[in-house]
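Chemist: Could you build all of it, start to finish, from the sequences and the hints given here?
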Amino acid sequence: MARSGTLAGPRRRNGMGLARREAMMGLLLVSPWLLGFLIFTLGPMVASLWFSFCEYKVIQPPRWIGLGNYQRMFTDDLFYKSLSVTTRYTLVSVPLGILAALAVAVLLNQNVPGARVIRTIFYLPSVVSGVAVALVFSWIFNYRFGILNYVIGLFGIRGPDWLGRPQWALWAFILMSLWGIGGNMIILLAALQGVPVSLHEAAEIDGANSFVRFWTITMPMISPALLLVTIMSIIGSWQVFTSAYIMTGGGPAYATLFYLLYLYRNAFSWFEMGYASAMAWVLFVIILVCTLLTLRGSQSLVHYEGA
Amino acid sequence: MTTAASIRRRRSARRIVRDVAPKVLVYLLLLPLTFFIIMPFAWMVGSSFKPIGSGIKFPPQFIPNPIVFTNYPLVFKTIPFLMYTRNSLIVTLTVIVGEVLSASVVGYSFARLRFPGRDFMFVVLLATMMIPYPVTMVPTFIVFKILRWVDTYLPLTIPAFFAPPFAVFLLRQFFLTVNRELDDAAKVDGCNELRILFQILMPLSKPALTTVAIFSFTANWNDFLGPLIYLSSARMYTLALGINYLRSFRGGGDLAPQMAAAVMFSLPCIVLFFLGQKYFVQGIVTTGLKG
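Chain order of the listed sequences is A and B.
The numbers in the first sequence follow the numbering used here, run straight up by one, and end at 307.
The numbers in the second sequence follow the numbering used here, run straight up by one, and end at 291.
Keep in mind that the hints are not guaranteed to be accurate.
[As the list claims (entries may be wrong)] Over 12 Å on every C-beta distance to chain B, these chain A residues come out as not near it, computed from the model:
hint : residue
1    : W64
2    : R72
3    : T75
4    : L78
5    : K81
6    : V92
7    : G156
[Claimed, not checked] In silico EDC-like cross-links for lysine to aspartate or glutamate, where the CA-CA straight-line distance does not exceed 20 Å:
hint : chain 1 : residue 1 : chain 2 : residue 2
8    : B       : K57       : A       : D161
9    : A       : K57       : A       : D76
10   : B       : K145      : A       : E55
11   : B       : K206      : B       : E181
12   : B       : K187      : A       : E22
Derived from the structure by calculation, the hints contain no laboratory data.
Each residue gets a CB set at the ideal place from its N, CA and C atoms; glycine is no exception.
Modeler: Take a look at the structure:
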């Protein structure tokens, strides 16, 4: 009795000690992220919430003005403009881009020879994003000497002044966004390849044609991937910056004044840090609402295997 | 008279129509789209060999005639291209080291160790992947300004040492697939956690680590907004800022040298992509991020 007691004692203590040690080690090793989260995410978010209620022009300390910055948005024509530009861009480029990505993914999933090469080509634009792309496209969209209008001209149509006309400039950016569908396409292609062949075979025996099979088997099976791609695309479309900064600078007549570009100008050209912080929070809320709406709206459409 | 051979022939002809026709259709649809994707690349490379002034010629040519090689040296003469390249490499390589090290440690902790609040913290980590950079951009800038880090590479590199969520997530998912028995055996032999991570898990996780490194390289090499905010003196510029700077020069503002610069700027990413294509695909599919 006594002996077993003394044996069990240290053993249990030792067991608890191990668990404690593991917990300490776990917290220690996770601390880089935790610190980073506090310093570079949570801290700045709280700070920017505070700044958003202040007038803050960097040279003077922040001065509390309550809802002043938010009220200012209601009377700021450029703020409206940037909201409307980005909203229109999102509403057109996201659905178009996803449809195009899905179409290409379906085509590549047909196991034609050379599909791998084509997949590689489609992904390539995602690797060279940014400045190089913006430089190339500024020339491609050139009204008189650009290759795009030349190709359009071959069909006997006179191409518009893409980047010089307010009614066309945003379309140029939408067209450019379609060039970069490769990332979405690869996610959707992976999802398509994950659809079990047995389901298709069973449906085929039951006499379902390929269209019926696509809608009743493929679409539900890839719906989680579609949802993911939709949300990521929406978030991305609210962060268009480099291309607009380089290609148009927001013009002509503010037709490509993307939200982030206007935020950047407020913060770093005019040092309106308070107003820019308020804009950042509005952006955060917009993205949050878009994401939640997409999640809510897709609830009945998305099928989770085994859920 | 129908012989068996002709029946067979007709059958095989029908089979060819049935099997081949859809494939032809797939090609007919895919090829114009592929052309649409390739065209800007082809045009970028082609134009980099055109003589000065060809940007304002009609009709535009795909294949340069005459072919000139002077645009590449012209880029080096107009802007300090090598210095910008060195700056970009400093930033990018530092970020890769920081990201791989810190995300490995944190990813290991999430994948293997039990500690209070772990699952909650992991959910928070996933949520932060959704927070757009602009939301924290302004106050982070102010903090770095107070620290007098503006116009140094510290604001661009130091955050990478605090385990960016994308890399942590990717590595954690990978560590979970590595058989636990190996590190249990090492633990019995008296290895501590860091030795298990660095000597057992990381050597086994080369594909995942490569994926993180490749993504980090392209993201930072191409990053424009970060350097634009933080770097003010021209000698600190990264290549992304530098080649945009090229536009403001006489001569450099022409099509051909700009395209030469664009080719040289995107070449490392393209080469890296072809070398590590499978890692790219794996990374995108695991995390849903597009690079």
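Chemist: Now tell me, hint by hint, if it's right for this structure.
Modeler: Results for each hint:
no.: 1; hint: W64; in the structure: holds, 16 Å
no.: 2; hint: R72; in the structure: holds, 16 Å
no.: 3; hint: T75; in the structure: holds, 21 Å
no.: 4; hint: L78; in the structure: holds, 17 Å
no.: 5; hint: K81; in the structure: holds, 17 Å
no.: 6; hint: V92; in the structure: holds, 18 Å
no.: 7; hint: G156; in the structure: holds, 14 Å
no.: 8; hint: B/K57 to A/D161; in the structure: holds, 16 Å
no.: 9; hint: A/K57 to A/D76; in the structure: holds, 18 Å
no.: 10; hint: B/K145 to A/E55; in the structure: holds, 18 Å
no.: 11; hint: B/K206 to B/E181; in the structure: holds, 19 Å
no.: 12; hint: B/K187 to A/E22; in the structure: holds, 12 Å
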